[in-house]
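Q: Sequence:
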Amino acid sequence: MRTYLYEAASVLISKINRWSKLKEWGMRLAKTSGHGKARIAVARKIAVILHCIWIDGTEFEWGEPATA
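In our numbering, the protein residues as written are 4 to 71.
Treat the hints as calculated values from the structure; they're not laboratory data. Check the hints yourself; a few may be wrong.
List time: in silico DSS-like cross-link candidates among lysine-lysine, alpha-carbon distance up to 25 Å [said to hold, decoys possible]:
no.: 1; residue 1: K18; residue 2: K34
no.: 2; residue 1: K48; residue 2: K34
no.: 3; residue 1: K34; residue 2: K24
For clarity, every value in this text was computed on a predicted model and none was experimentally measured.
Put together the whole structure using the sequences plus the hints.
A: Written out as structure tokens, the structure is:
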């Protein structure tokens, strides 16, 4: 499971073009801490989100990009 979460985080940070708060957070973290640590942090956050979705039965919301 850890491998799949890490792979999902890698794809979210590098391949997905759609904006999300999670991707924005991961990209900011990658700039300051490096891509490896950012992928691990995003993978953990994905696991937490999935657990909350599993418990609540809610859906993931991509959100809207922040406008300046």
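Q: For each hint, tell me whether it holds in the structure or not.
A: How the hints compare with the structure:
For the given pair, K18 sits about 16 Å from K34 by alpha-carbon distance, which is consistent with the 25 Å threshold. A C-alpha spacing of about 18 Å is found between K48 and K34, which places the hinted pair at or below 25 Å, so the restraint holds. For the given pair, K34 sits about 16 Å from K24 by alpha-carbon distance, which is consistent with the 25 Å threshold.
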